[in-house]
Amino acid sequence: MSCWETVADYAFRSLGFGERLLPRSDFTLCQQFTLIGSGLIWNVYYGALALGFGFFLAVSLAVGKAAANPLFRKPAEWFIFVFRGSPLFIQFFLAYFLFLKLKQWQPVFDPLTSAVLGALIVLFFNTAAYSGEIFHGALRSVPRGDVEAAEAYGMTGWTKFRRVIFPTMLRLGWPSYTNEAIFLFHATTLVFFSGFPAWQQKGDALYYASYFADKTFNPFIPYPIVAFYFVLLTLVLIGLFGLVNRRLNRHLPQDQRPRMRLKPQILR
Amino acid sequence: MFSYCEDPSTLDGLVWLSCYLTTGKQFLFYQSFGTVLILLFITAPVALAFGFGGAIAARSRIAPLRWVGKLYIAMVRGVPDIVYFMFFVIALDQALEWLRHKWKCPDWDQPIRQGSDFIVCAQAKLPLSAAPQVWHEVYNASLAIFTFGIVFGAFAANVLFGAMRAVPRAQIETAEAYGMTPRQAFWRILVPQMWIYALPGLSNLWMILIKATPLLFLLGVEDIVYWARELGGSANPRFTDYPHGDWRLWYFLALLVFYLAFTRLSEIVLGRLTERLSHGQATLGGVKQGKAA
Amino acid sequence: MKKLLISAAALAVTAGMGMAQDVVRMGTEGAYPPWNFINDDGEVDGFERELGDELCARAELECEWVTNEWDSIIPNLVSGNYDTIIAGMSITDERDEVIDFTQAYTPPDPSSYLALSMDVDVENAVIAAQTNTIQAAFVAEQGWTLVEFPTPEETIAAVRNGEADAVLADKSYLAAAAAENDDLMLLEREEQIGGGVGMGLRESDDELLETFDAAIQSMKDDGSLNALIEKWEVASTF
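Chains A, B and G are the protein sequences, given in the same order.
Quick note: the first sequence, position 222, residue 222 per this note's numbering, numbers continuous.
One rule links them: number in this note's numbering = place in the second sequence (from 1) + 268.
One rule links them: number in this note's numbering = place in the third sequence (from 1) + 561.
Excised from the complex, chain A in its bound form (with noise of 0.2 Å):
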């Protein structure tokens, strides 16, 4: 069998897709490197959508954090305590038991104890409470004077924050913010490894890699895939990211526009 019928085969097999058997023996590198390719497929998913979700939570958060009313404070700041400090690897696991008894307590729950939407519910709101901190400390550090001037001319509430604090806030939260994505990416491999079931062997780059080193008995080639999958991702998060800093940055002059780089106090 050629590599393109592999692929032809096996491409989009994390989907449904294509061969239903996954290979079983005679392991070929090009086997490897298309059904692990195919389970990346989930990995952007849940990385794309959880994020893209995440991020209008996420401000929320951060201005309900940077509240003064105890009404909207206390619940924000117990949400990101929460889920910033458990590890995801138990959120995992303690969601899917909760929406096991929430679909056996009434029958719309169903869809969530697969792993397409339990999953991405726990992704969004753990990415959520993350970056609702990175924006609730970008909030804290918009200058007095940008908002005394927005107040100059009269702006309030809604349009204050509209056109003033919430640029600032993004352009100054941007860079921990693109950090944040990358380990979303990779915090998608836990997945399929607490909790969700796997169903009809769909699964993510990590659930075929792990197929594969059960298959052939050796870790040293199935991993180092993923590792390649994942480098390729980050450098197109980098990128993608690098390019909104750009324009949330045009405005100011060259020498002062922040640099996208990895700012120490600010890993996840």
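Since the hints were made in silico from the structure, they are not lab data.
One or more hints might be untrue.
[Stated by the list, open to error] With a straight-line cut-off of 27 Å between C-alpha atoms, the simulated DSSO-like cross-links for lysine-lysine are: (1) A:K215 with B:K393; (2) G:K792 with G:K781; (3) A:K160 with A:K74; (4) B:K393 with B:K372; (5) G:K792 with B:K293; (6) B:K370 with B:K393.
Assemble chains B and G onto chain A, guided by the hints.
For chains B and G alone, kept in the frame of chain A given last:
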């Protein structure tokens, strides 16, 4: 444990629970908390050492060394840590045994790899297969610490590299003006001053490390997650005196509480430390107003 | 405790001097009753514990028990972290390519289904199985709906909470669970997959393989193996 635990099937309520919670198996669970904490406290300095080495390499004037340092720093950014854990331990174990094999059995003529087997001479085994179980566990734990140390050392290298760059340039220039060699300036000026810049990052790293401990079971350490799964699973009366249903939820909730409490405690301690270090002159009494950030 | 550590150190030293008698390390999973499990005292127990101890006694070997996750149980054997796998592992061609098996110590037994009701149509149902078992491979091969879990415990939990309609696993394991829970029952349908269960060893360990093979044969011959099988209800007898 208690004398009234002879026949647990006749007990109920709290008495039953007191017996259940003191079986040998439960004690292994409690012990595993200790194991995790010990590993954590050993791993942190190991990771810091790796990080320090990495940061120095990344600042080196020798290009290949600098590339190695930078590559090391970039390593954790590009690849999920869990991927390393999946094969690092076996790789390390085999590498060590191979080195010992070369040293102890120079006249061994069979290949090391026979099919999928990895074979070294009996004297090169780590630990020797006759060694008692304790040593095997110690060895496994050291491998786990080493692996954690390498991976989280890359994070630490990143933090320290940034911190070294954050020390004002003028400080080094002043040191050089006083006639210090670059080496002296590095050890006497840069290193003592960088810690305050590194502290927020290192605190964060400590939190990351805490939250990475559930992955220890991937490295063959029977940690709290392993025992929570094992003990929480429903117990069949044929095989135990303490049958119960699926209690994994409760065990994992206990783990959640443990982690939340531990991170909270770390936050408070590290917050105070930061405060004390950043106000250079703050005294012990002055920390009273210290608020956990 | 201290005393134990010191004597351990002393042992390690003498071993380093080249004792002829090596300790054989027995690797098992410890999560598959009645085959192997961790008892209340935190020790490995079950059919295979008793069998293994008896085999070692007959072969005059000193044996030590080690537990390892099922997922990595073969890689850790081949890289030498323990010397045998004795974990209810069925002899299959796939595994036989990588490790060697002793003769089977239980006859080939059918795998069965455990479900909440007798009228589950397995071909159109959701079947749970432990990852990387012959049962998981079987369900995938049939093209049925497979859902995989890392531990045997979780597969049964999945049926109870409605995630899966039935579990496919070794009959003895499921029978033990069914006997204790009124809501769970074994389906009539059974599948004949895999050979018997044997001990796994590295392909290069021919000598040890022969030793254990002979020990198993002697237990077969004097009927003590059958007695053990009946005691733990793990399989049919020879």
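Do the hints match the structure? See the list:
no., hint, in the structure
1, A:K215 with B:K393, "26 Å, holds"
2, G:K792 with G:K781, "15 Å, holds"
3, A:K160 with A:K74, "24 Å, holds"
4, B:K393 with B:K372, "10 Å, holds"
5, G:K792 with B:K293, "24 Å, holds"
6, B:K370 with B:K393, "12 Å, holds"
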